[in-house]
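Quick note, the sequences are listed as chains A and B, same order.
Take 1 as the starting number for the first sequence in the numbering used here and just add one per residue.
Take 1 as the starting number for the second sequence in the numbering used here and just add one per residue.
Note that these hints are calculated values from the structure, not bench results.
Do not rely on the hints blindly, as some may be mistaken.
[Stated by the list, open to error] Distance condition first, Cα-Cα at most 35 Å in a straight line; then the derived DSBU-like pairs of lysine-lysine:
1. K58(A) x K566(A)
2. K635(A) x K447(A)
3. K447(A) x K83(B)
4. K83(B) x K262(B)
5. K83(B) x K574(A)
6. K224(A) x K122(B)
7. K258(B) x K4(A)
8. K224(A) x K83(B)
9. K566(A) x K43(A)
10. K49(A) x K523(A)
11. K372(A) x K258(B)
12. K447(A) x K79(B)
13. K372(A) x K83(B)
14. K523(A) x K78(B)
15. K79(B) x K454(A)
16. K49(A) x K574(A)
17. K372(A) x K78(B)
18. K372(A) x K49(A)
19. K258(B) x K574(A)
20. K635(A) x K4(A)
21. K566(A) x K79(B)
22. K574(A) x K78(B)
23. K6(A) x K262(B)
24. K566(A) x K128(B)
[Said to hold, decoys possible] Stretch-level coverage of chain B by chain A, calculated; a stretch enters the list once three of its residues show a Cβ under 8 Å from a Cβ in chain A:
25. 65 to 79
26. 113 to 120
27. 170 to 180
28. 204 to 214
29. 239 to 252
All of these numbers come straight from a predicted model, not from anything done at the bench.
Built from N, CA and C at the ideal position, the CB exists for glycine as well.
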Amino acid sequence: MLEKIKEFASEFFVTGDPLIYGADVSIVLATLGIVFVLTYFKKWGWLWKDWLTTVDHKKIGIMYILAAIVMLFRGGVDAVMMRTQLAFPDLNFLEADHYNQIFTTHGVVMIFFMAMPFMFGLFNIVVPLQIGARDVAFPFLNSLSFWLFAAGAMLFNLSFVIGGSPDAGWLSYPPLSGTQFNPGVGQNFYIWGIQISGIGSLASGINFIVTILKMRAPGMTMMKMPMFTWSVFAASTTIIFAFPILTITMLLLFMDRFFGAHFFTLDGGGNPMMYINLIWMWGHPEVYIVVLPAFGVFSETVATFARKRLFGYASMVFAMVIISIISFFTWAHHFFTMGSGANVNAFFAVTTMIIAIPTGVKIFNWLFTMYKGRITFPTPMMWTIAFIPAFVVGGMTGVMLSVAPADFQFHNSYFLIAHFHQVLIGGVVFGYFAGLYYWWPKMFGFKLNEYLGKWAFWLWNIGFYICFMPQYLVGLDGMTRRISVFSDPDWQGLNIASTIGAYIMGLAFVFQVAQIVYSMFRKEMDTTGDIWDARTLEFSIASPAPEYNFAVIPQVHSRDEWWEEKERRARGEKPWDLGKIEPIHMPKNSAIGPIMGAFWFIAGFGLVFHWLWMAIPGFIGIFACMYARSFSAHKAEYYIPVEEVERTEAKLRGSV
Amino acid sequence: MSKKRRSLVRAAFSAITLVMTMLLLSGCGNYMVLNPKGPIAAQQLDLIIITVILCAIIIVPVLVITFVIVWRYRATNKKADYKPEWAHSNLLETIWWGIPIVIVIVLAIVTVRYTHELEPSKAIASEKDEVTIQVVSLNWKWLFIYPEEGIATVNTITIPEDRPVRFELTADSPMNSFWIPELGGQIYAMSGMSMALHLQADEPGTYFGTAANFTGEHFENMTFDVNATSDAEYDQWIEKAKQSPETLTDESYEELSKPSEKEEPMLYSSVPDGIYERIVTKYMHDGAELHQHGSASADETNGSTSAEATNANSEEASSSHNGH
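Take these sequences, add in the hints, and give me the full structure.
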């Protein structure tokens, strides 16, 4: 019996690597620490009532962003470990299989569990406030989306200590990801981690489309929406067309692995090329899904800090819509070398180049927003300005990669790695940082320390160029991605430079954490709610916004409504006629979101280990939750009485 | 901007510039892709240079404009104009929709031409005879079969200089990619089908060959040397290979195809007839199971499709080439 348990445990837990034992210990210690703090300060009720069961978009947004920062740390540690292994030739810091797991989890974590929640966090915090709404269209669904994301992320991260991580690359091409070459459970963690969180993403996409279409303040026509809201609309539309493809692809891969189906295996009439096409039909739109909201953030910050209207609004909208449409017609540029023939390659090369046009137009419009403006440089604006050269150069290498015959020389090399890190960090990460710094006061009522923020900014930027510029060159020198060891002494100099850059970015992250912690203790309060002298509705209310956001929904007349309103007030004209406060209709908290997330986790975990005794109750639980929700939905709302709203408003104004 | 902050900015800029310059100076001469040793890689390099120039037409001015605008319109510069309401100009917007469109049209024309020209399944025009090498990606080594000479190698190739080489590629392992940067771009090697790639070395030398698409644990050991030699040396090398005590048989192939961490280069003096074709069609004649599903005819269709596809591509490529 004891032997059996021992045998099971050695399969179940990841063993044999001191780095992982270290991680085990720190995970246990951190968990115990959190449990202790919550118990000692009697905070369990607060955690459950105020946070875990909340359907308030602002709190859900904060939880998303917190998760994203934790995942940025995890993905960043992966990156630093990879760069350490590749610092010198023939180094043996990581074994080959461990290295392979790390580059796989780095990619998956950064895209699915860092960029996506960061993005949804910003959507949640900003969109309802920016369009003058009291919440998203489906607040419960929003909470459920978050918990599906959380269940998927936890499941995926668990593979690190239980069962073993996936090691077939972030997109897990079969046949490598099939049972023949990958019999372990790691790949199952991949499938279910992505599947569960992907369903959450799809639901969020629907939620934000409906929110934007149906819940704008009176007078805010589509062409008067703030640009960030437009970018959310474009990204969400892309999500609802792209994510079903991911769901089906993962389902087919699961059927191959679980039932021995042959969708993607040759010995049974399937074809791995089908998977590669499908995954990129999702994968290419996905990169635009994450970058469009970053474009939205830049459009907000650049207008605010240049103190000038956004240049070429209609062009900007048009460009964004075009990008999200064409993004569905470029997928094959990820495998020009698969032998599709000259005509197919030429088609996808040209569609890819076409995307550069609207993207370039956006850059010009941002530049000319600053032209004849009065630019100030707080941290959100610094990230915005740093984005431009990073993205322009990354865009150029993107066009180079799009030229199909030349891509035969770049494909799968470090040139490609450098390119997509440059656009994903320079575009997406810089954009989300700009957004985080910009809306942080709105989220928490205090500002992040600028001094530490500038240190973090410069270290990030310097580290970024030192890390990725050498990778272009080492790629041109024939170094391919995903090799765990290199021997060529010619690659030494470039690789060590790249590693140093990665460490500098790691240090920059430490500065950011320090900045957040420092600012929590030395608060620079945002007393006006409009700390940046900004232009859009979210800055017309207190920071942090009250539960119901707007006591009275304002009437919108123009694109920069809040800016115009300030101008009107400055001219001594009559301010907004806000009308009378009425009882406010609000959604109630719901425990079904976190409970259903937990059942998804149980079901997913069962399927990972092929334990139907665990998976089936998990699915029963999921359906029970759906049933319970269906018959209690009508009880899930309440009204905030007028007196309470007036009290809150008076208090907020008092502190203003 | 305070003095201290400005010096910080300046220090950062000079650090970045210094690193960039060092990187560029550290030998533009050495990078494989930028130093082609064959006609395919040379044309690909031409294309890369054309692309960089076309892109530079836009990005250099953009970088300059960015710097100028950010500097000139900083809030502390009281001399600069401030027009907070100015947010639209048909002329300007037409210009920056127009210029990228023109550049992309030019680049698209160039790309489409080159895509047909450099279609990897298209033979290289030459007076000399083509050498055929059949490539099999295995976990974790490359098997190279010289069907005309009846020899085979592991993890090393010798080719005659100045003669076109036709690589036929497949895999008996997860999908891989076969790349010799100094001779030209890569192509995938996939099981169940045969791909074609034509390359040529213009001068003798030893070139670096590598696997480019991740195939699992010891993927990093799938590198190989490509020795380009004179015709005479090539013949000598064939003779040498034929003296090798090792022979490739169906059994020794079976043994070789099992996963192994790292293989040293090796020569086989003989090769069984049609082994490459057997590897490619392995999954189509996998027999009983397929027939049970009544898909025998479908299998044959599959088999011929991939073979035909390759042919069709090359024909189409050459015909459109003539068209230009």
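For each hint, the structure was consulted:
Pair hint K58(A) plus K566(A) holds up; C-alpha atoms about 25 Å apart against a cutoff of 35 Å. Of the pairs offered as hints, the one joining K635(A) and K447(A) is violated, with about 38 Å between alpha carbons and a cut-off of 35 Å exceeded. At roughly 29 Å between alpha-carbon atoms, K447(A) and K83(B) fall within 35 Å of each other, so this suggested pair holds. With a C-alpha separation of about 67 Å, the suggested pairing of K83(B) with K262(B) is violated against the 35 Å cut-off.
The hinted pair formed by K83(B) and K574(A) meets the criterion: a straight-line CA distance of about 25 Å does not exceed 35 Å. Only pairs whose Cα atoms come within 35 Å are accepted, and K224(A) paired with K122(B) is rejected, the gap being roughly 54 Å. Only pairs whose Cα atoms come within 35 Å are accepted, and K258(B) paired with K4(A) is accepted, the gap being roughly 31 Å. A distance of roughly 21 Å separates the Cα atoms of K224(A) and K83(B); the hinted pair therefore holds under the 35 Å criterion.
Restraint check for K566(A) and K43(A): the C-alpha separation of about 41 Å exceeds 35 Å, so the hint is violated. A hinted pair counts as satisfied when its Cα atoms are at most 35 Å apart, and K49(A) with K523(A) qualifies at roughly 26 Å. Only pairs whose Cα atoms come within 35 Å are accepted, and K372(A) paired with K258(B) is rejected, the gap being roughly 68 Å. Taken as a hint, the K447(A) and K79(B) pair is honoured in the structure, with Cα atoms around 31 Å apart against an allowance of 35 Å.
Using a Cα cut-off of 35 Å, the hinted pair K372(A) and K83(B) holds, with the two alpha carbons roughly 6 Å apart. At most 35 Å may separate the alpha-carbon atoms for a hinted pair to count; K523(A) and K78(B) meet this at roughly 32 Å. With a C-alpha separation of about 27 Å, the suggested pairing of K79(B) with K454(A) holds against the 35 Å cut-off. Distance hint between K49(A) and K574(A) is unfulfilled; the C-alpha atoms sit about 42 Å from each other, more than 35 Å.
Distance check on the hinted pair: K372(A) and K78(B) sit about 11 Å apart at the alpha-carbon level, within 35 Å; holds. Taking the CA atoms of K372(A) and K49(A), the gap is near 50 Å; set against the 35 Å cutoff, the hint is violated. Proximity of K258(B) to K574(A) is assessed by CA-CA distance (about 82 Å); at most 35 Å being required, the pair is judged violated. Annotation: proposed proximity of K635(A) to K4(A) is violated, straight-line Cα distance about 50 Å (limit 35 Å).
As the CA atoms of K566(A) and K79(B) are separated by approximately 25 Å, the hinted pair is consistent with the 35 Å bound. Of the pairs offered as hints, the one joining K574(A) and K78(B) holds, with about 32 Å between alpha carbons and a cut-off of 35 Å not exceeded. For the given pair, K6(A) sits about 33 Å from K262(B) by alpha-carbon distance, which is consistent with the 35 Å threshold. Straight-line distance between C-alpha atoms of K566(A) and K128(B) comes to about 80 Å, which puts the hinted pair past the 35 Å bound.
As drawn, the stretch 65 to 79 of chain B meets chain A at 7 residues by the rule of a beta-carbon pair under 8 Å; at three or more, the given contact holds. Counting residues of the stretch 113 to 120 of chain B whose C-beta sits closer than 8 Å to any C-beta of chain A gives 7, which meets the bar of three, so the coverage hint holds. Residues of the stretch 170 to 180 of chain B with a Cβ under 8 Å from some Cβ of chain A number 5, which satisfies the need for three, so the listed coverage holds. Coverage of the stretch 204 to 214 of chain B by chain A holds. Counting CB-CB distances below 8 Å, 6 residues qualify, and the rule asks for three or more.
As drawn, the stretch 239 to 252 of chain B meets chain A at 0 residues by the rule of a beta-carbon pair under 8 Å; below three, the given contact is violated.
Hint compliance for this structure: hints 2, 4, 6, 9, 11, 16, 18, 19, 20, 24 and 29 are broken, all remaining hints hold.
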